[in-house]
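Engineer: Take a look at the letters that make up each chain.
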Amino acid sequence: MKILVTAKRTPDPYSKIKLKPDGSGIDTSNIKFVINSFDEIAIEEGLRKKEKFGGEVVVVSIGTQECVEQIRTALAMGADRGILVDTGGRYLDQLGVAKILARIVEDEKPDLVILGKQAIDDDANQVSQILAELLGWPQATFASKVDIDLNSKKAVVEREVDGGIEVDEVSLPAVISADLRLNQPRYASLPGIMKARQKPLKTVKIEDLKVDVSPSVEVLKFEAPPQRQGGKKVKDVDELIQALKESKVLPF
Amino acid sequence: MSTNQKGCEFMTQVAPADIFTPEDINEEQKMLKETIEKFMKEEVVPRADEMEKGKIEVTKELLKKAGEMGMFAIEIPKEYGGLGLDKVSALMVTELMMYNASFAVSCEAHVTIGSYPIIFFGTEEQKKKYLPDLAYAKKISAYALTEPQAGSDALNSKTVATPTSDGKYYVLNGTKQFITNAGIADLFIIFAKVNGKDFTAFIVEEEWGVKTGKEEEKMGQKGSSTRQVILEDVKVPAENVLGEIGKGHKVALNALNVGRMRLGGSAGGGGKLLTEIAVKYAAERVQFGRPIIEFPLIKWKIANMISKTFAIQSASYRTADLIDKAQLGEEWKAFEEFAVEATILKVGGSEALRYITDEAVQIHGGYGYLKEYEVERAYRDERVNRIYEGTNEINRLNIPEMIIRRAMRGRIDFFGWVQQAQKLIDNPSEIKKIVSGHTAQDELYAIEFAKRSLLILAQRMFSKFGEEIQNEQEILAEFSNALIGIYFAESSVARATKHQNKPYGKYYENMAKFYTHTTFPEIVQAFRVIESRVGDSYGFAEKVSSALTRIDMISLSRAIADETIRIILQK
Ligand SMILES: Cc1cc2nc3c(=O)[nH]c(=O)nc-3n(C[C@H](O)[C@H](O)[C@H](O)COP(=O)(O)OP(=O)(O)OC[C@H]3O[C@@H](n4cnc5c(N)ncnc54)[C@H](O)[C@@H]3O)c2cc1C
Numbered sequence: 001m002k003i004l005v006t007a008k009r010t011p012d013p014y015s016k017i018k019l020k021p022d023g024s025g026i027d028t029s030n031i032k033f034v035i036n037s038f039d040e041i042a043i044e045e046g047l048r049k050k051e052k053f054g055g056e057v058v059v060v061s062i063g064t065q066e067c068v069e070q071i072r073t074a075l076a077m078g079a080d081r082g083i084l085v086d087t088g089g090r091y092l093d094q095l096g097v098a099k100i101l102a103r104i105v106e107d108e109k110p111d112l113v114i115l116g117k118q119a120i121d122d123d124a125n126q127v128s129q130i131l132a133e134l135l136g137w138p139q140a141t142f143a144s145k146v147d148i149d150l151n152s153k154k155a156v157v158e159r160e161v162d163g164g165i166e167v168d169e170v171s172l173p174a175v176i177s178a179d180l181r182l183n184q185p186r187y188a189s190l191p192g193i194m195k196a197r198q199k200p201l202k203t204v205k206i207e208d209l210k211v212d213v214s215p216s217v218e219v220l221k222f223e224a225p226p227q228r229q230g231g232k233k234v235k236d237v238d239e240l241i242q243a244l245k246e247s248k249v250l251p252f
Numbered sequence: 253m254s255t256n257q258k259g260c261e262f263m264t265q266v267a268p269a270d271i272f273t274p275e276d277i278n279e280e281q282k283m284l285k286e287t288i289e290k291f292m293k294e295e296v297v298p299r300a301d302e303m304e305k306g307k308i309e310v311t312k313e314l315l316k317k318a319g320e321m322g323m324f325a326i327e328i329p330k331e332y333g334g335l336g337l338d339k340v341s342a343l344m345v346t347e348l349m350m351y352n353a354s355f356a357v358s359c360e361a362h363v364t365i366g367s368y369p370i371i372f373f374g375t376e377e378q379k380k381k382y383l384p385d386l387a388y389a390k391k392i393s394a395y396a397l398t399e400p401q402a403g404s405d406a407l408n409s410k411t412v413a414t415p416t417s418d419g420k421y422y423v424l425n426g427t428k429q430f431i432t433n434a435g436i437a438d439l440f441i442i443f444a445k446v447n448g449k450d451f452t453a454f455i456v457e458e459e460w461g462v463k464t465g466k467e468e469e470k471m472g473q474k475g476s477s478t479r480q481v482i483l484e485d486v487k488v489p490a491e492n493v494l495g496e497i498g499k500g501h502k503v504a505l506n507a508l509n510v511g512r513m514r515l516g517g518s519a520g521g522g523g524k525l526l527t528e529i530a531v532k533y534a535a536e537r538v539q540f541g542r543p544i545i546e547f548p549l550i551k552w553k554i555a556n557m558i559s560k561t562f563a564i565q566s567a568s569y570r571t572a573d574l575i576d577k578a579q580l581g582e583e584w585k586a587f588e589e590f591a592v593e594a595t596i597l598k599v600g601g602s603e604a605l606r607y608i609t610d611e612a613v614q615i616h617g618g619y620g621y622l623k624e625y626e627v628e629r630a631y632r633d634e635r636v637n638r639i640y641e642g643t644n645e646i647n648r649l650n651i652p653e654m655i656i657r658r659a660m661r662g663r664i665d666f667f668g669w670v671q672q673a674q675k676l677i678d679n680p681s682e683i684k685k686i687v688s689g690h691t692a693q694d695e696l697y698a699i700e701f702a703k704r705s706l707l708i709l710a711q712r713m714f715s716k717f718g719e720e721i722q723n724e725q726e727i728l729a730e731f732s733n734a735l736i737g738i739y740f741a742e743s744s745v746a747r748a749t750k751h752q753n754k755p756y757g758k759y760y761e762n763m764a765k766f767y768t769h770t771t772f773p774e775i776v777q778a779f780r781v782i783e784s785r786v787g788d789s790y791g792f793a794e795k796v797s798s799a800l801t802r803i804d805m806i807s808l809s810r811a812i813a814d815e816t817i818r819i820i821l822q823k
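Respectively, the protein sequence lines represent chains A and B.
Read in my numbering, the first sequence has 44 at position 44, and its numbers run on one by one without any break.
Read in my numbering, the second sequence has 725 at position 473, and its numbers run on one by one without any break.
Dumping the calculated DSS-like pairs for lysine-lysine here, alpha-carbon to alpha-carbon at most 25 Å: (1) A:Lys195 <-> B:Lys379; (2) A:Lys199 <-> B:Lys282; (3) B:Lys754 <-> A:Lys20; (4) A:Lys16 <-> B:Lys285; (5) B:Lys623 <-> B:Lys293; (6) A:Lys195 <-> B:Lys316; (7) B:Lys380 <-> B:Lys391; (8) B:Lys585 <-> B:Lys258.
Hint data in this document are derived by calculation from the structure and do not stem from the laboratory.
All chains, please: the whole structure from these sequences, using the hints.
Structural biologist: In structure tokens, the structure reads:
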């Protein structure tokens with residue numbers, strides 16, 4: 001079975017994010033980049049399915065040449081080949097990204113597309129849904145368990161919803177988005193890292209895909225959340241009530 | 253091509269500006285680094301408390317996991333299932349293992365002293381049989397040399413290997429002391445005397461009846477297993493003799509060459525982590541209304557910690573790369589070629605780490621004395637680095653001994669070097685010439701002046717005492733101290749020179765200078781001690797002392813600390 005997975009280049013969740021002084025974006029000069037944590041889970045799921053059913057895992061990253069790093073990491077984890085869509089650094093909104101992926105899917109014709117449910121940088125949570133719509137495929141989002149039956153060409157997907165688990169059945173090909181508890185991604189093994197160099201990695205220029213990616217969403221400005229104010233120590237309950245009144249937490 | 257291709261030649265050459273530095277690692281090595289760092293942070297660090305309680309089964313589990321990832325396959329040759337990678341990669345990994353010193357020492361014992369003897373001296377059959385399993389930690393290895401009565405005097409072994417009458421087996425009897433991994437090992441490299449005479453190495457499988465004592469209750473590195481290994485009539489097949497009968501010392505010492513070099517990695521990695529921990533703490537801790545990190549004395553400590561770390565790393569990457577590039581056929585020869593440098597890394601690295609760890613505790617104040625804080629463990633963990641892999645005393649004696657031996661055998665042109673040194677000392681403008689083009693030129697000048705003076709003084713020292721030099725331990729050790737200071741300082745300057753045009757060029761230059769200035773008094777001290785014994789007709793101590801131009805150390809310290817703090821806190 002052929003599985004397409006995504007690897008968005010996002011800042012390491014452990015790095016401290018600073019904004020550019022003009023608010024046009026984040027200052028990337030001193031931060032480490034990794035594969036979006038949810039995409040990592042998607043990649044892991046793809047690899048597990050491949051290990052079970054055979055086939056191929058193709059990893060796609062959309063962005064600048066620097067995304068090669070994330071593709072190589074996915075290849076080191078065990079993916080078979082990589083596709084980089086080189087945007088030359090231009091801004092894409094979620095619709096644009098989904099359109100590009102839809103183009104790649106038309107070419108690659110995978111049996112299954114697995115994406116992270118959202119990216120940890122913009123937290124948009126849109127691409128998988130739009131992609132399914134563009135392709136006209138069934139979708140199962142926020143998957144916490146995926147079982148595949150190749151005979152009936154179906155996937156049974158569990159989703160954690162408020163108060164319980166929803167079980168969905170989708171026919172393949174389908175789009176699945178990965179939630180946090182779907183699996184625990186593996187470490188790239190050292191032999192895997194060595195092999196990654198020899199695995200095929202194709203770069204496609206965004207212009208050559210001939211899709212209209214002019215954004216319909218415009219980013220106006222980035223702002224840091226307000227600095228947290230320090231707490232205040234009170235002596236007794238009376239003082240506490242007084243303080244709560246002053247800060248208008250208590251309505252009377 | 254580097255100009256410094258042979259062991260000890262640094263003593264007669266200026267540190268090359270094409271020195272290999274940590275910044276020069278390639279894309280793959282970067283990925284390796286990131287993967288292993290992730291593994292350490294996510295898998296090992298969270299288990300630290302369990303390991304600290306002495307749960308060696310946790311250590312074993314983690315070793316197995318690391319093994320599955322291929323962490324120990326790095327240096328195993330490809331023919332035997334390994335990755336056959338370079339020593340620089342291995343060094344880098346060693347640094348990262350220091351997120352947990354107990355884990356690090358267990359890994360090092362498995363790889364450097366536990367696997368290398370087979371890589372170096374194993375027969376084709378032995379390599380085929382054992383290396384693939386060692387590469388992925390399917391089997392864990394230990395190295396058993398020390399005995400209760402044979403510590404520093406390691407060859408004074410009482411363990412006996414008696415051949416069976418059919419010659420097919422050796423029966424081993426004896427007790428080994430302080431064996432790392434003993435409680436979790438499947439395989440032991442054991443040294444014993446055949447018929448009580450010929451010191452020989454054996455590969456011994458645990459299931460052939462190797463017994464171990466109780467876990468030692470140690471000061472630190474509590475998550476590593478350390479036990480006696482007890483051999484009572486353990487029958488070892490003759491084909492498990494490792495290397496030649498009577499050549500056990502060759503196996504033992506060459507494995508230690510790897511271990512000693514790698515201790516530079518532990519020291520560099522440990523230094524970096526402890527500096528980070530200390531800076532983060534100092535940024536949070538408020539006294540007198542300010543975070544203590546703003547106090548100049550704290551900055552002074554940070555400048556020292558980071559400059560020492562910089563020096564260790566500069567020297568250890570340099571050395572690892574030299575070993576990688578040495579083309580001497582058999583692999584053990586490359587390590588042997590750079591045994592002096594490796595010993596310098598062992599002693600200099602562990603002494604620098606001692607200082608760094610101590611200051612990390614000091615910056616934590618009373619909290620550094622509490623078990624709740626990581627530095628408390630680091631303080632106890634660090635101590636043994638100066639004891640094992642040969643005590644620092646024994647290693648300090650080894651350095652000049654190796655140099656003398658190489659000089660006598662004509663492996664190095666020691667007397668030629670002394671003559672050249674004399675010319676340079678007589679004509680200091682020549683030294684100025686050879687150091688021009690480097691950053692921190694004044695510092696490099698002083699280092700070169702000291703280095704050449706040390707050669708001349710050493711020659712006088714050797715010729716004055718002849719064979720009796722063995723009894724002159726104090727000056728032999730001081731000679732080593734000076735040489736260690738010189739190697740570390742010049743490696744720092746060379747690294748700063750290489751990166752002088754990078755955005756961090758100035759920072760590097762400052763660290764190289766600061767390190768040189770803080771180390772130089774120790775070098776001068778060495779000259780004083782040696783001259784007090786050999787005679788001071790040259791007045792080297794004074795000349796060397798005045799070779800270093802005084803600079804504004806305070807501004808330097810503050811600038812280094814500020815930049816270090818900026819880098820660490822924005823992480
Ligand atoms: C935690 C731990 C793990 C270890 N792991 C291993 C292992 O895996 N395998 C293994 O084989 N060994 C291992 N060792 C043993 C270690 O290598 C020895 O402890 C070390 O070589 C010193 O020997 P010793 O303890 O008998 O000290 P001694 O040799 O008794 O030394 C005592 C003191 O005397 C000094 N001294 C000794 N001889 C001289 C001399 N000629 N001149 C001047 N000073 C001298 C020493 O420097 C030291 O300060 C380990 C030790 C420890 C503590």
